[in-house]
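Fit chain L to the known structure of chain P by using the hints.
Protein chains: 2
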Amino acid sequence: MNSDALAQRVIAGDRRATARMISLVEKGGAGLGRVMQELHPATGSSYSIGITGAPGAGKSTLTERLVGRARLDNHHVAVVAIDPSSPFSGGALLGDRVRMQSHATDSGVFIRSMAARGHLGGLSLAAPEAVRVLEAAGAEYIFIETVGVGQAEVEISDACDTTLVVVNPGWGDAVQTAKAGLMEVADIFVVNKADRPGAREAVRELRGMLDLADAGWKPAIVAITATKGEGIEELWVAVEKHRGYQEEHGLLEARRRARVEREIKDIVAERHRARVAVDEAELLACMTDEVVARRLDPYSAADAIDRALNLSE
Amino acid sequence: MNSDALAQRVIAGDRRATARMISLVEKGGAGLGRVMQELHPATGSSYSIGITGAPGAGKSTLTERLVGRARLDNHHVAVVAIDPSSPFSGGALLGDRVRMQSHATDSGVFIRSMAARGHLGGLSLAAPEAVRVLEAAGAEYIFIETVGVGQAEVEISDACDTTLVVVNPGWGDAVQTAKAGLMEVADIFVVNKADRPGAREAVRELRGMLDLADAGWKPAIVAITATKGEGIEELWVAVEKHRGYQEEHGLLEARRRARVEREIKDIVAERHRARVAVDEAELLACMTDEVVARRLDPYSAADAIDRALNLSE
Chain P
1 MNSDALAQRV
11 IAGDRRATAR
21 MISLVEKGGA
31 GLGRVMQELH
41 PATGSSYSIG
51 ITGAPGAGKS
61 TLTERLVGRA
71 RLDNHHVAVV
81 AIDPSSPFSG
91 GALLGDRVRM
101 QSHATDSGVF
111 IRSMAARGHL
121 GGLSLAAPEA
131 VRVLEAAGAE
141 YIFIETVGVG
151 QAEVEISDAC
161 DTTLVVVNPG
171 WGDAVQTAKA
181 GLMEVADIFV
191 VNKADRPGAR
201 EAVRELRGML
211 DLADAGWKPA
221 IVAITATKGE
231 GIEELWVAVE
241 KHRGYQEEHG
251 LLEARRRARV
261 EREIKDIVAE
271 RHRARVAVDE
281 AELLACMTDE
291 VVARRLDPYS
301 AADAIDRALN
311 LSE
Chain L
1001 MNSDALAQRV
1011 IAGDRRATAR
1021 MISLVEKGGA
1031 GLGRVMQELH
1041 PATGSSYSIG
1051 ITGAPGAGKS
1061 TLTERLVGRA
1071 RLDNHHVAVV
1081 AIDPSSPFSG
1091 GALLGDRVRM
1101 QSHATDSGVF
1111 IRSMAARGHL
1121 GGLSLAAPEA
1131 VRVLEAAGAE
1141 YIFIETVGVG
1151 QAEVEISDAC
1161 DTTLVVVNPG
1171 WGDAVQTAKA
1181 GLMEVADIFV
1191 VNKADRPGAR
1201 EAVRELRGML
1211 DLADAGWKPA
1221 IVAITATKGE
1231 GIEELWVAVE
1241 KHRGYQEEHG
1251 LLEARRRARV
1261 EREIKDIVAE
1271 RHRARVAVDE
1281 AELLACMTDE
1291 VVARRLDPYS
1301 AADAIDRALN
1311 LSE
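Residue numbers (my numbering), protein chains in the order written: chain P, 1 to 313; chain L, 1001 to 1313.
Just so you know, these hints were derived from the structure itself, not from any lab.
Label pairs and their calculated CB-CB ranges:
| # | chain 1 | residue 1 | chain 2 | residue 2 | range |
| --- | --- | --- | --- | --- | --- |
| 1 | P | R207 | L | S1023 | 32 to 42 Å |
| 2 | L | R1307 | P | D4 | 22 to 32 Å |
| 3 | L | E1184 | P | D73 | 38 to 48 Å |
| 4 | P | D106 | L | T1227 | 44 to 54 Å |
| 5 | P | E233 | L | L1210 | 40 to 50 Å |
Even for Gly, the Cβ is constructed at its ideal location relative to N, Cα and C.
So that you can see chain P by itself, here it is in the shape it has in the complex (with noise of 0.2 Å):
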């Protein structure tokens, strides 16, 4: 099948394709840029959350409710589940065929784990493109699932346009949070298994928290027990809130733009990148050797990578 033919079946909602395309994107690789052409008059008109938190949090089971919610109203849906560490193609021990069973016969519903390491752009890259392909597809709400310890939490918040933080009660005061580094992406947090002692205490301290950060959104935080299913209808009007602020106050707009330009920058980037280990792979290992012995630095090597590549272009 010719790029053309793959992009114009994407389009059309052939699954098998939407599959396939994002194993390309997932390798990275020269012929992805092609095809990302072809699917992108397509594109544009999706809303992708975010979903993150420590491992055991229970994001998959809140997944697999809100995807459960967005169906409700007929919206066509998404699921990535992004492994930014594992090489491997859609994780050995959580494969799709385990993943959010309840939804697999729903032909409404798209699910797919991804591994971003052999992206030569990694997360930051395969993340949006993902997104692409999978609004071209036809899916409206696509939900963005980090798995792991590796939360890249930060690139899953700049790759969507609401990030949900998942924490459970119990997990410390209000400065593990802190630690985390959560407090600066969640848009939502979503305190989970509010069923367990100490959901109340871990609502509060959030809000203690947040209390003293700046002004415009503040995050909503909504309590859930996702196994359950409590609590997920207010955490979808929640959603819903924060997209009509952002869309009222233009930050929509702001923060997608803000998307697109690290996206071309980031390709411009990875294809030097890629220019360095490749036509440049002779002089980038005598350069290593240099600086292994010492004989060198690396900024000395760079240099002469960079002098190298000047010429030859």
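For chain L alone, kept in the frame of chain P given last:
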């Protein structure tokens, strides 16, 4: 102070100059290369130990204990606590002053919190550069501790010679650990808070998973109670054993060579990224507008910037 003087003062072990140099690394930026060049001859003689794991796992307490252990042998020690997500230097809530109070007056210990987001190359470039600065300043053991959920545990394992992954009893089953991508980066598993119920089960589960892994170095599993100082000696022996294993099999050299190669590539790529942002700022803004308006796709925008950069070189 000019850059030569700064480098010379770092090499002389001046603590204020070292702190200032780490601040330079934190910010990245144009002047950095020059000073790193000056420092280079004095680098290459430290051993670096990365400490990663979920928030609340007890990484700081463990680091403090390991510092104490290394000081028993009179080694010069440096600690960098890296927050890969925070844009704020030092961390407002966990400043250097509140960290490691027991070593605060020890002139053989240098402690510094560091944000990596300001550095164009991010953590992957900031971490090895911080290590260079600290070893130029005379540190023999360097502990790199990640802060927060955005562990970036892969980058940490890339940047150091031995990687400790800290887990706690009762944090869920082996699948959870594997989901977190931790099996791949751990040289040593530290089961901290081993005085709590479930420690033995945690060790057994980890061992079970490791038995499935390939040959070569099989990660050690050490149960400790950092708050009480229990198990620290055993852990230190495990670190030394891993160091010896790597040295014996030529793995340490290979690991450091790969690190240098990555570092050179990162410098070249980030310089190029800076060129895009600075030299082609107008074109980038214009291209961003075009992509936002969906008259152009990001790859075609990157093409235009590539062309402009080639013409201007």
